[in-house]
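> One letter stands for each residue in the lines below.
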Amino acid sequence: MSDNKTTLDFREFRERIGDIRGKEYWRSLEDLSRGADFEELLQEEFPRQSAPLANGVHRRDFMKLMSASIALAGAASCTAPSGNSEKIVPYVRQPEDLIPGKPLFFATAMPLAGYTTGVLAESHMGRPTKIEGNPDHPSSLGGTDAYMQASILGLYDPDRSQVVRTFGETRTWSDFIGALQPVLKEAAVNGAGLRLLTQTITSPTLGAAIAKLVAQYPGMQWHQWEPVSGDNAREGLRAAFGGYVNAVYHFDKANVVVTLDSDFMSDGPGHVRYSRDFSTRRRVRHGETKSINRMYAIESSPTSTGSIADHRLPVRPSQIEGYARAIAAGLGIAAAGATTEHADWIGGVVRDLQRNHGAAVVVAGDDQPPAVHQLAMAINQAIGAIGTTVSITDSAEVSPVNQLESLRRLVTDMNAGAVKALIMFGGNPIFDAPADFNFRSAFEKVPFRAHLSLYYDETSMLSHWHIPETHYLETWGDGRGHDGTITIQQPLIAPLYNGRSAIEVIGAMAGGMDQSPYDAVRAYWMANGANELLWRKWLNDGVIANSALPARSASASTAIPAPAAQPSGGFELRIAHDPNIYDGRFANNGWLQELPKPQTKITWENVLLLSPKSANDIGFGDQERDDLFNEKHTLLADLTFHGRTIRVPVWVVPGMPDNVATIHFGYGRKHGGKIAAERSDFTPGGVDVYPIRFSDALHGGAGAQIKLVRSEGTYPIGCTQEHQSINPKDVGGDRGIIRSATFDEYQRNPHFVQGEGEGHEGTGETAEADASMYPKYEYPGHAWAMVIDTSVCTGCNGCVIACQSENNISIVGKEEVVREREMHWLRIDRYYKGSPENPEVYHQPVPCMQCENAPCEPVCPVEATSHSGEGLNDMTYNRCVGTRYCSNNCPYKVRRFNFFHYADYDTPSLKPMRNPDVTVRTRGVMEKCTYCVQRINAAKIAAEIDGEKGRRVRDGEVTTACQQACPSEAITFGDMNDPTSRVAALKKEPANYALLQDLNTRPRTTYLGAIRNPNPEIRG
Amino acid sequence: MAHKDETPVHEVRPVTQEVRVPERYLPTPTIEPGHSYASITDHISTIVLRKKTPIGWFVGFGISLILVSVLTASIGKLVFVGVGIWGINHPAGWGMDIINFVWWIGIGHAGTLISAILLLLRQEWRTSINRFAEAMTLFAVASAGLYPALHTGRPWYDFWLFPYPNTMSLWPQFRSPLMWDVFAVSTYATVSALFWYVGLIPDLATLRDRSTNIVARKIYGMAALGWRGSAKHWYRYESAYLLLAGLSTPLVLSVHTIVSFDFAVAQIPGWHATFFPPYFVAGAVFAGFAMVLTLAIPARKFLKLEDFITMKHLENMGKVMMATGLIVFYSYVIEAFFAYYSGNVYERYMWLNRATGPYKHMYYALIVCNGLAPNLMWFKRFRTSPAMLLVTAMFANVGMWLERFVIIPTSLHRDFLPSSWGMYHGTIWDWGMYIGSMGLFLFLLFLFLRFLPMISIFEIRTMLPEAQAAHGEEH
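In the order they appear, the protein sequences are chains A and B. Counting in the working numbering, the first sequence runs from 1 upward without gaps. Counting in the working numbering, the second sequence runs from 1021 upward without gaps.
Possibly wrong hints are sitting among the right ones.
[As the list claims (entries may be wrong)] A short, non-exhaustive set of chain B residues, derived as facing chain A with CB atoms under 8 Å:
{"hint": "1", "residue": "Asp1178"}
{"hint": "2", "residue": "Met1199"}
{"hint": "3", "residue": "Thr1232"}
{"hint": "4", "residue": "Asn1233"}
{"hint": "5", "residue": "Gln1287"}
{"hint": "6", "residue": "Asp1435"}
{"hint": "7", "residue": "Pro1438"}
[Said to hold, decoys possible] Distance condition first, Cα-Cα at most 25 Å in a straight line; then the derived DMTMM-like pairs of lysine to aspartate or glutamate:
{"hint": "8", "chain 1": "B", "residue 1": "Lys1380", "chain 2": "A", "residue 2": "Asp627"}
{"hint": "9", "chain 1": "B", "residue 1": "Lys1097", "chain 2": "A", "residue 2": "Asp906"}
{"hint": "10", "chain 1": "A", "residue 1": "Lys833", "chain 2": "B", "residue 2": "Glu1367"}
{"hint": "11", "chain 1": "A", "residue 1": "Lys670", "chain 2": "A", "residue 2": "Asp874"}
[Unchecked claim] Okay, the calculated bits of chain A under chain B, using three or more residues with CB under 8 Å as the criterion:
{"hint": "12", "segment": "627-635"}
{"hint": "13", "segment": "877-887"}
Source of the hints: derived by calculation from the structure; they are not laboratory data. No residue lacks a Cβ here, since even glycine has one placed at the ideal position from N, Cα and C.
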């Protein structure tokens, strides 16, 4: 090509023709082609072809052929197929710190039931994609639970409400403000007609705003209601300490813990922290650990906390109080009505508590009556716990009230016509108010009803105004943690839809100018001790330093009320919140719906839990149950309580006390999203339990009747693990899956994990197990490995959702779960040993073992799965043809196949949620845990470019999603070849064993045996 | 000097009393007496060349077409919606797809054994059944081949299993038994097709010479590749046929051995067993002979070929079926013994689960079908009754399907970790494709019966006494 610039080149061609389409295009090509410069170009480029171009026909043909290459040649940017060329422009002024491809982390806090737990939200290119715990926040210390991890899906939920509505018709925020004016005018005169209904609030900014509002409209009342109200604890503590207080537990200081129907590791504002604290006293490290703690659980339903207790008594809910009184009596507190059962057991507990004065604690469950809470505090007083293992502080709530009474007052006033305007922040009282309140009929008497909520739910549909609420990741706010620590909640993204926050609604009601949440929160804090530097520090850290509520000296009253009359007859029903969808607010969250519940491994619905004997009693015999459960089916039963009947599926879980039935509320939603309610691909199950939740029996009671229903045939249940027994007689022998010992046994024989199970020859570390004809493969660089401590795993499911969030794992829906096709890469197996009445329970998280001798690798015909030089079993999605031989050959069954096209490629709002570093898999492809290879690679890249020569990845730089989420720090991951790494140390622990070791798979993921600490004085 | 009239000294004169030989000791003829070369050729080629197709053929072919449309629907849904329409899941990643694959491939082995091994062993009774059996093999392999191709999650990438030069610079994984399957089944299909075709050439020439329909003559003519029946042609033919028989013989053993490696190389209890190759090969021969009997007994009746497929053939096939059935049953027994003797908890549980677990009725049915039913063949009365042979063969067919069911889903559904135990149930699409594959088989079979001689005309001519005598003189 000559360098004469007068000659045309293709780029110019493109520019001339670029935007033109259709006939114009061809015409302009024609014109171009007649130009002399074009002739020259052609002669240069195509000497042979240019000659015939004198002939018009040839010219036209030639142009047709050439047009394609003209269009593509020198294409610097791709034009949009439909016409307008779009220019993409890189950042001219890049947002600070933003490097495309590298995520940023912002500290904020997730509110649940009013209390906030600090999180770090990972943000890719300005959109939040993952939630991690904030290591600096006392309620989290870096751990997250399932609710926190799943909240990211809540932000991007396509069923979220997007517009202001009035009875279904779209309106605007200004319309609402306009409609509010006459209401406010009337409220100025008749303040008592204006009511505010909120859930629990700890936010100082919101609290102050409400206080100002109440002052502005004298007589206005603020009601609070949540189905999981915490009233019992509140009232019990008030009886004990003379006012509403907050109890903060310090399990890291406790040698002995006694729970009275308390699931403190799963429930309540501090449960993430409590798991962490408990586990610090539970984990065993050879040579270092002199003693571990001991937990006694007296509970009425199997819980995560109870599952790792050293001693467990399954009793009826009403009997818990008797046991509490017995313990109190044993410690010298005057408490009549003590139970006489299990006297030896109680005696042992009492002695243990006495031996550990000042280092023991008793915790009462939120669902237990106030008297039990009072008893627990009295016992704590007697054992010197107050001020050591439990601190009493002022209440973290802005305005603690008895929420049941608050709602009752509201309903009474509504019925009397005294309520002229009801503004509701969140909540869903139409769905979840106590059944006897008949909330709906009272509600409909109110002339002005406005509901601020995330979804257009049951309450919104009956309200005059529905305002879409902003998600916590979209708005400013603040809140207190379990110990009162304040976090400023900062948004990660501008509101996706036209959402508003409670602060803005209050602002509208206060009549001021539209005050943005940012201004409101900032103004509050600037007026309360902040300055610019502190403000930035608080936002950066995610906590306001030293804002925890100070412990105050307190002494519990020992005036125990007289025991209530013991109910009798029939089943005792226990009504509890669902472990996954809470009180129903997460019913549209597909991740939480499909998450197998910790004790039952059931998904997508609630069931009536019974003990094996109780099931037999109602006519559901052992053999029939085994056959049906094996096929993931069950029978339905009619549950009658307080005169109302609901039809529920029956399920048996080992460890349930006899004659007790547990049911979880939250299901049976009528509106609120495709997953929650409307029939869709996901066909949710579940029964609405609120109709049998009465104000005098919010947590259940005696007198329930259960009648098996056979007329409707069998009912499918999405249970992901129905074979939980590892008793040798049930599984053909001891398979060595769970290796457990007591702490005493461990101290006598630290290598107890060896020799367990038939034909097991010990840990992978001994020379014998290494015996092989083949030379050992050397891993000179990194050798990624993982150790999971089963002593501290509570089965909370935080890791499962974290993995789902990090790796873009799809949900499949109930029907597919029934067909055993759930896609979770990490599952938590729950096994029990011993009698089904009161078994020992173990949780075992099972990710991909990343076997050095992987059975899945040689059987793949296309080599879609291969071994990396660092020990990872790599999965190449785009090579997989889907023969499924690898899944068949995997003894751990950790591989997941996309039987259908499960991934949602279409819903626009879910696209920003996905982790851009992980492929979204299509139909016909196998997937599995990758040890978060995207994180490993990110860390390696960061290490490689660090400084002049780069450096080695340091221990702790790579954390897998599951490891990062675990509240108990049960999972440790790292480089085995790094002698200073934690994982290398754990691999040397004598309690370290590999699952299915004798298959010679040489897994990189190994377990530490479960060590319990039973009291030798107590049998059972 | 020879005197014609001289009688030898030791002359044996016939005794007046006739020795009566009981009928059952009389040898069954391989071909009914009374046939000549011409009558054989006439009889067999008339079936093909007759102008008027019998109504029965239309009925059968029509049914097969309906079933083929079921197959088409099943395949269409499978490819467009996904492999999830079947009953497979975690843990049972394979179900009826592989059961049916192994079932069909196993059936094919009888044809090759009859054609190749019996040829090398000089068993002349093979001549009336070998064409038919070899065709059955080909069609069975065709039906079988549907499954490995379509059971993958992304069947449009199946070509990656072949070692072709590609831009990814990737060979397939040669350590995988599925790769070996690719080689084994494709070799099997190729060699069987060649063997069958080469064997057909003289008969195609016969049909070319005898047919009056101009179109038929042209087609048979092209297919006959210019066969003249000259000595040179026969010489080359015999060499080629022998070579192909030699190639096919190891395939009888190797193909199903490779298929058994799909399981034996895996480590699932119930799969991981070294006795799988002989077990599977014996099972394949068993299934194959059962299928040949199932098809031959009605075919000989409807096409009036009892003279050529005589009781001798049926009885011999029954005997082979029983012998291999006994080997298969022995395998079941030995498996139970291994489960006990190994002391391995997983092996033990696997067997206990088979016998007492949720699929125990399949296992008991299997024992009845494969363990008890073949023993009927001990009795000559049953062995020589086409009806009883048919019944036994049907039991064997079902039994071999059950055996693969017991091996595949029953082993997979409960393996090492109880947390992953599940169940497998075939869905309507599983059955649809299975019935559909039978439809494909029948479709091809009916076409074969109509347009090609189901008995090897020239080979059966060698069964005539005159041919036998001539044959004897030559050697």
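> State for each hint whether it applies.
Here is how each hint holds up against the structure:
{"no.": "1", "hint": "Asp1178", "result": "holds, 6 Å"}
{"no.": "2", "hint": "Met1199", "result": "holds, 5 Å"}
{"no.": "3", "hint": "Thr1232", "result": "violated, 51 Å"}
{"no.": "4", "hint": "Asn1233", "result": "violated, 46 Å"}
{"no.": "5", "hint": "Gln1287", "result": "holds, 6 Å"}
{"no.": "6", "hint": "Asp1435", "result": "holds, 6 Å"}
{"no.": "7", "hint": "Pro1438", "result": "holds, 4 Å"}
{"no.": "8", "hint": "B:Lys1380 to A:Asp627", "result": "holds, 13 Å"}
{"no.": "9", "hint": "B:Lys1097 to A:Asp906", "result": "holds, 22 Å"}
{"no.": "10", "hint": "A:Lys833 to B:Glu1367", "result": "holds, 22 Å"}
{"no.": "11", "hint": "A:Lys670 to A:Asp874", "result": "violated, 44 Å"}
{"no.": "12", "hint": "627-635", "result": "holds (count 4)"}
{"no.": "13", "hint": "877-887", "result": "holds (count 8)"}
Checked against the numbered hints above, the structure breaks hints 3, 4 and 11 and satisfies the rest.
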